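There are 2 protein chains.
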Amino acid sequence: MSFKEKGLLVVLSGPSGVGKGTVCKALRTRGTRLKYSISATTRKPREGEVNGVHYFFKTREQFQQMIEQGKLLEWAEYVGNCYGTPVDYVRESIEAGDDVILEIEVQGALQVKRKFPEALFIFLAPPDLEELKHRIVGRGTESADLIESRMMVAKSEMELMQNYNYVVENDQVEKACDRIEAIVLAEHCRVDRLIEKYTVMKGNDET
Amino acid sequence: MSFKEKGLLVVLSGPSGVGKGTVCKALRTRGTRLKYSISATTRKPREGEVNGVHYFFKTREQFQQMIEQGKLLEWAEYVGNCYGTPVDYVRESIEAGDDVILEIEVQGALQVKRKFPEALFIFLAPPDLEELKHRIVGRGTESADLIESRMMVAKSEMELMQNYNYVVENDQVEKACDRIEAIVLAEHCRVDRLIEKYTVMKGNDET
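The listed protein sequences derive, respectively, from chains A and B. The first sequence lines up with residues 1 to 207 when you count with full-length UniProt numbering. The second sequence lines up with residues 1 to 207 when you count with full-length UniProt numbering.
Accuracy of the hints is not assured; some may be wrong.
[What the hints assert, rightly or not] Computed cross-link-like contacts, DSBU-like style, restricted to lysine-lysine with a CA-CA straight-line distance of at most 35 Å:
#	chain 1	residue 1	chain 2	residue 2
1	A	Lys113	B	Lys197
2	B	Lys197	B	Lys175
3	B	Lys155	B	Lys71
4	B	Lys35	A	Lys6
5	A	Lys6	B	Lys6
6	B	Lys175	A	Lys6
7	B	Lys155	A	Lys4
8	B	Lys175	A	Lys4
No wet-lab data here; the hints were simulated from the structure. Please read all numbers here as calculations on a predicted model, not as lab measurements.
Take these sequences, add in the hints, and give me the full structure.
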C-alpha cells in the first residue's frame with residue numbers, strides 16, 4: 001500500500017493572557033505527539049542555544065530575504081528583534097507525517113491563514129472575560145489605564161475567533177489539552193484525509 | 001448567560017461485518033457520554049422489553065403513519081418486521097444537550113443524511129479488505145458463493161464512505177472507541193457551534 005498520511009499544521013492562538021504558553025508546555029509534558037515549530041530569529045543566540053534546535057539564527061539581511069522570498073509563514077518584530085516561522089521546516093515535517101504545532105499571537109495566525117489555509121486553527125479562549133481580566137491584572141502591578149487598554153486589545157482579539165476552525169476553552173489546562181489532542185486525532189479521521197488510503201486499498205485488492 | 005449548547009446526532013455506520021455492534025457495546029461499557037437512540041418497531045415485545053426503553057412498540061398502522069408523516073429518520077424491514085428511528089426522540093434529546101448515537105446500516109445512514117444533514121456521519125472501516133473477509137468467513141460455515149456475494153456487498157458499501165464526515169478504522173475496538181470519543185469532543189469545539197456562546201459573553205460583559 002503506497003498511501004502515506006501527511007501531518008497537520010496546528011496553529012494554537014488566542015488573546016494575550018489566555019495561557020497559550022502554559023497549555024503548550026502542558027502538551028509537551030504529557031508527551032503529546034506534536035512537533036514544535038522552530039522559529040527563525042535575528043536575535044543573537046543565548047548561551048546554550050543551538051541553531052536549528054532552539055531557533056534558526058539569521059542575520060537581518062537573511063531574515064529580510066526570507067520575507068521577500070515568501071519563506072516565512074508569519075513574522076513579527078518584538079523589542080528590536082524579528083521572529084518568524086520558516087515555511088520549509090513546516091512543510092517538510094508535514095510531508096514526513098509529523099503534526100506540527102505553532103503557538104502564536106492572533107495577528108501571526110491570520111498571516112498563516114493566508115499562506116497556509118489548510119492548517120488547523122485553534123482559538124484558545126478564556127472561560128469568560130472576567131477571568132481574562134484577572135489573568136491580565138495578576139501579571140503584575142500595572143496601572144488601571146494599562147489594564148483597561150489590555151482588556152480592549154484582548155476583546156478585539158476575541159473578535160478574530162470566527163477565523164478559526166475550533167475554539168478550545170482554557171478553563172483548566174488539562175481539559176484544554178484533552179480537547180486539543182481530541183481535535184488533532186479527529187482531524188486525522190476526516191474522510192477527505194483518508195479516502196485516498198481506501199482507494200489505494202481497493203486498487204490493491206485481489207480478493 | 002443564556003447560551004445552551006445542543007447535543008450532536010452521531011451516526012455510526014459501515015459495511016456489514018465491520019464490527020459496528022461490538023464498537024457500540026464497548027462505548028457503552030466505557031461509559032462514554034452518549035445516549036443510545038431507541039428504535040420504533042412493529043415487532044412484538046419480548047419478555048422483559050419495556051416500551052420507550054428498549055423499543056417504541058408500534059402497530060403496522062402506526063408505523064406506516066410515522067413513515068407518511070416523516071416521523072422516522074430512517075427505517076427498514078427485516079424478516080417481516082419494521083424498524084425505524086423516531087425523529088422526535090432524537091430531536092428532543094439533542095435540544096436537551098445530549099449526544100445521541102445511532103448505529104445503523106449504510107442504507108439507513110444515507111436516509112438519515114437526507115433528513116438530518118447536520119448529523120455527524122462516522123464510517124467504521126476495516127483495516128483492510130482481507131480482514132473484512134476473515135470476519136465474514138468467521139461468522140459461520142457459509143458457502144464460497146455466499147461469502148463471495150457478501151464481499152461484493154461489503155465492497156459496494158465501502159464506496160459509500162465518501163458520504164461521511166469521518167472514517168474510523170476498526171483495527172482494534174478500543175482504538176476505534178478512542179477515535180469516536182475524540183471526534184465527538186472535537187466537534188463540540190467547532191467554532192460554528194461555540195461562536196454564539198462568546199457573542200452572548202460579549203453582550204453580557206460589563207468590564
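Practice task
Against the structure, test the hints numbered earlier, and report the numbers of the ones violated in rising order.
Solution key: none
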